[in-house]
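**Q** Here is how the chains run, residue by residue.
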Amino acid sequence: MSIRRAIFVLVACGLLVADVAMAQVARVFVGVSGNDANVCSNVSTPCRTFGGGITQVDANGEVIVIESGSYAGATITKPVKINVASGVVAFSALSILVNVTAGDTVVLRGITLKSAIPDSGIGITVSSGDLIVEDSVIDGWFTGVLASTASRISIDRSRIRNTFTAVRLDTGAGARLFMADSALLNDSTGALVLPGNFARLSGLEISRGTTGIYCNGTCDVSDVRIWDKSFGILTDGLSVVRLNRVEVTGCSTGLQGPSLFESYGNNVIRGNTANFGGGAVLTPVALQ
Amino acid sequence: MSIRKVVVVAVACGVLVADVATAQVARVFVGVSGNDANVCSNVATPCRTFGGGITQVDANGEVIVIESGSYAGATITKPVKLNVASGVVAFSALSIVVNVTAGETVVLRGVTLKSATPGSGTGITVSSGDLIIEDSVIDSWQEGVYATAASRISIGRSRIRNNTLPVKLEDGAGARLFLADSELFNNFFGVEVQSGNFGRLSGLEISRGGTGIFCEGTCDISDVRIWDKTYGISNYGLARLNHVEVTGCSSTGLVGDGVFESYGNNVIRGNVSNFGSGAALTTVALQ
Numbered sequence: 001m002s003i004r005r006a007i008f009v010l011v012a013c014g015l016l017v018a019d020v021a022m023a024q025v026a027r028v029f030v031g032v033s034g035n036d037a038n039v040c041s042n043v044s045t046p047c048r049t050f051g052g053g054i055t056q057v058d059a060n061g062e063v064i065v066i067e068s069g070s071y072a073g074a075t076i077t078k079p080v081k082i083n084v085a086s087g088v089v090a091f092s093a094l095s096i097l098v099n100v101t102a103g104d105t106v107v108l109r110g111i112t113l114k115s116a117i118p119d120s121g122i123g124i125t126v127s128s129g130d131l132i133v134e135d136s137v138i139d140g141w142f143t144g145v146l147a148s149t150a151s152r153i154s155i156d157r158s159r160i161r162n163t164f165t166a167v168r169l170d171t172g173a174g175a176r177l178f179m180a181d182s183a184l185l186n187d188s189t190g191a192l193v194l195p196g197n198f199a200r201l202s203g204l205e206i207s208r209g210t211t212g213i214y215c216n217g218t219c220d221v222s223d224v225r226i227w228d229k230s231f232g233i234l235t236d237g238l239s240v241v242r243l244n245r246v247e248v249t250g251c252s253t254g255l256q257g258p259s260l261f262e263s264y265g266n267n268v269i270r271g272n273t274a275n276f277g278g279g280a281v282l283t284p285v286a287l288q
Numbered sequence: 289m290s291i292r293k294v295v296v297v298a299v300a301c302g303v304l305v306a307d308v309a310t311a312q313v314a315r316v317f318v319g320v321s322g323n324d325a326n327v328c329s330n331v332a333t334p335c336r337t338f339g340g341g342i343t344q345v346d347a348n349g350e351v352i353v354i355e356s357g358s359y360a361g362a363t364i365t366k367p368v369k370l371n372v373a374s375g376v377v378a379f380s381a382l383s384i385v386v387n388v389t390a391g392e393t394v395v396l397r398g399v400t401l402k403s404a405t406p407g408s409g410t411g412i413t414v415s416s417g418d419l420i421i422e423d424s425v426i427d428s429w430q431e432g433v434y435a436t437a438a439s440r441i442s443i444g445r446s447r448i449r450n451n452t453l454p455v456k457l458e459d460g461a462g463a464r465l466f467l468a469d470s471e472l473f474n475n476f477f478g479v480e481v482q483s484g485n486f487g488r489l490s491g492l493e494i495s496r497g498g499t500g501i502f503c504e505g506t507c508d509i510s511d512v513r514i515w516d517k518t519y520g521i522s523n524y525g526l527a528r529l530n531h532v533e534v535t536g537c538s539s540t541g542l543v544g545d546g547v548f549e550s551y552g553n554n555v556i557r558g559n560v561s562n563f564g565s566g567a568a569l570t571t572v573a574l575q
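Those sequence lines, one after another, are chains U and V.
Quick note: the first sequence uses the numbering used here, first residue 1, plus one each step.
Quick note: the second sequence uses the numbering used here, first residue 289, plus one each step.
In case anyone wonders, no lab produced these hints; they're calculated from the structure.
Be careful, since some hints might not be right.
[As the list claims (entries may be wrong)] Over 10 Å on every C-beta distance to chain V, these chain U residues come out as not near it, computed from the model:
{"id": "1", "residue": "Val32"}
{"id": "2", "residue": "Gly73"}
{"id": "3", "residue": "Pro79"}
{"id": "4", "residue": "Asn99"}
{"id": "5", "residue": "Gly174"}
{"id": "6", "residue": "Trp227"}
{"id": "7", "residue": "Gly237"}
[Stated by the list, open to error] Not everything, but these chain U residues come out facing chain V in the computed CB check (under 7 Å):
{"id": "8", "residue": "Ser86"}
{"id": "9", "residue": "Ala183"}
{"id": "10", "residue": "Glu205"}
{"id": "11", "residue": "Ala274"}
{"id": "12", "residue": "Ala286"}
We put the beta carbon where it would ideally sit given N, CA and C, even for glycine.
Whole structure, please, built from the sequences with the hints as guidance.
**A** Below is the structure:
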C-alpha cells in the first residue's frame, strides 16, 4: 500500500469511528457469537461481552443479551440497563461493579452471577449510584450484593443462594435495600443490614444457614418466612425491626435480641428450639 | 499411519487432555447439537447430556443448557448447578440421583423430568447432600422427589403433577423439605413428611387425587389451598396451619390424630366431612 493510500484509509477509518461514536445508540446487542469490535447496535453483529456493549451504548441505553453464554463481568460507570430475556442464560463468573454518579440508576435484568470459587469474591458491588436487580440468580459468592455507600438497591424476583452473605449494607453507608419476592437459600447470612442502613424486605423465603436477617439498622419485614436457620432474625440493640405477617419457625433461635421487635399481632414465632433469645420481646403495635 | 506418527499424535492428545483436565472449568454448556467428547466450556461445542457436562465442569460449577431437547438423567456426585433458561425445555425421562457429600448442595433449575411409564420410577432421589430445585416440572413418577437421608431439600416455583407420591421424606430420614410457590396437581398421595422429618410448606396449590399433605413429622403449612382431594391433610404428627384453605374434598378435610395448630385464620369448610378420625383444631394466638 502506498503512503498516500494508507493515509486515506486511516482518515476514512477515523471518520467511521467518529461517526459510530457520535451516533445515538439507545440499545446494543450482546451475544457469544459477537465481537466487541463490531457495530453492536446491529443485532446481526453483536458485541461479545457485557463490557463491550456498555462501552458502545449511550448513558441510559439498553444492553440486550441475545444468546446463552458466558459474559465476563463488568465495571459499570454510566447508567445502563442490561436486559437478558428469560429464555437466555447470561452467565458470569466474574464480578460486576456499579460505580455511577449518585442518583443514576443501573438495571441488571436476568443475569446469572456465580463465583468460580465458592465463598469468595463479591457478586455485585455498588460503590456509587442506584441499582435495580430483577429475575436474576446470584450464587456462591462471599458477598452476593454489597452496598458501601448511600445507594438505593431494589432486588426482586431473584434467587440468592449458597453465599456467605446474600446482601450486605456496610456500616454507616446509609443505603436503602428494597428486596421483594425472592428466595435466599443456604446463605450463611441472608440480609445483613448494618447500622445506619434501611431495608424493606417482603415476600421472601429464607432457609438454611446461620442467620436469616441480621438487622442492626431499620428493617420493615413483611410476608417473610424464615425456616431452618440457626437464628431467624438477629439484632444488636440499635435496630428497629417491624414484623408484619412474618413466620419464623424451625430455627435454633427465632428472634435474637436485645432489640425490640415491633409486631402487628399477625406473626408466628413458633416451633423454634428457642422462640426468643437474648432478651428479644415483641412490642405490639396496632394495625390501622 | 507409521508408529512414529501414532506416538506423536498420542503424545499431542495426551498433552491436550491434560491441559483440558487441569484448566478451571467454572461453567460448561449442554445442547442437543453437542457431543460429550467436546470441550464443553466453549459454547460453540457443547456437551450432549447432563452427565457429559457434569463430568467436565468443576465441583460447584454451572452446567448451562442452551437448547430444548432430551438430556438423559444423571447421577450427580459433586455439587454442581444445572441451569436451564426458562425458554428452553430440558427434558429427561430418566431419573436423577443426587449423591454428594453431606452439606454440599446441588441445584436443578428449569428441568422437566417425566417418567416414560406413568406411575413408575423415581424422578429425583436424594441419597446424600442437599438439593435446590427451581422452576421445574416433575411428572408421572412413582416418587417425584424422594429423600432417604438427612438432606435439606428446597423446591420453589415448580409443578409436580400426576405422580403417585409427589415428594416423599423417608421414615426417620431427618430430612427437611422447604416447598414453596408451587402447584401439585393430580398426585395420588400427598406431600409425604414421614416420621422424623420436617416440612415447611408454603404458597402451594394442591388439587385432584387422594391426599393433599400427609404429615407424621413436623409440618409448618402456610398460604396453602387444597381442593378436590379425597383427604386434605392427613396428620399424625404436628401440623401448624396459617392461612390454609381446605375445601371441596370428597371425603374429609382434616383427618388423623395428630396435633393441628391453627392461628384462627384458616378455612376448613365445604368438604363432605370437614374433620375426621378425631382431627380437631388447637387454637394458637398469632404474635
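**Q** All hints, please: hold or fail.
**A** Verification of the hints:
For U:Val32, the requirement that its beta carbon stay farther than 10 Å from each beta carbon of chain V is not met, with the minimum near 5 Å. No Cβ of chain V comes within 10 Å of the Cβ of U:Gly73; the nearest lies about 12 Å off, and the non-interface call holds. For U:Pro79, the non-interface assignment is confirmed: its Cβ lies about 26 Å from the closest Cβ of chain V, beyond the 10 Å cut-off. Distance to chain V confirms U:Asn99 as a non-interface residue, since its nearest Cβ pair spans about 24 Å, more than 10 Å.
Separation of U:Gly174 from chain V is adequate, the least Cβ-Cβ distance of about 32 Å exceeding the 10 Å criterion. With a least CB separation of 4 Å from chain V, U:Trp227 falls inside the 10 Å interface cut-off, contrary to its annotation. The Cβ of U:Gly237 sits about 21 Å from the closest Cβ of chain V, beyond the 10 Å cut-off, so the non-interface label holds. Because the closest C-beta pair between U:Ser86 and chain V is about 4 Å apart, less than 7 Å, the hint holds.
At a threshold of 7 Å, the smallest CB-CB gap from U:Ala183 to chain V is about 5 Å, leaving the interface hint in force. The criterion of a C-beta within 7 Å of any C-beta in chain V is met by U:Glu205, whose closest approach is roughly 5 Å, and the hint holds. Taking 7 Å as the C-beta cut-off, the interface hint given for U:Ala274 is violated, the closest approach to chain V being about 14 Å. At its closest, the beta carbon of U:Ala286 sits 14 Å from a beta carbon of chain V; the interface hint therefore is violated under the 7 Å criterion.
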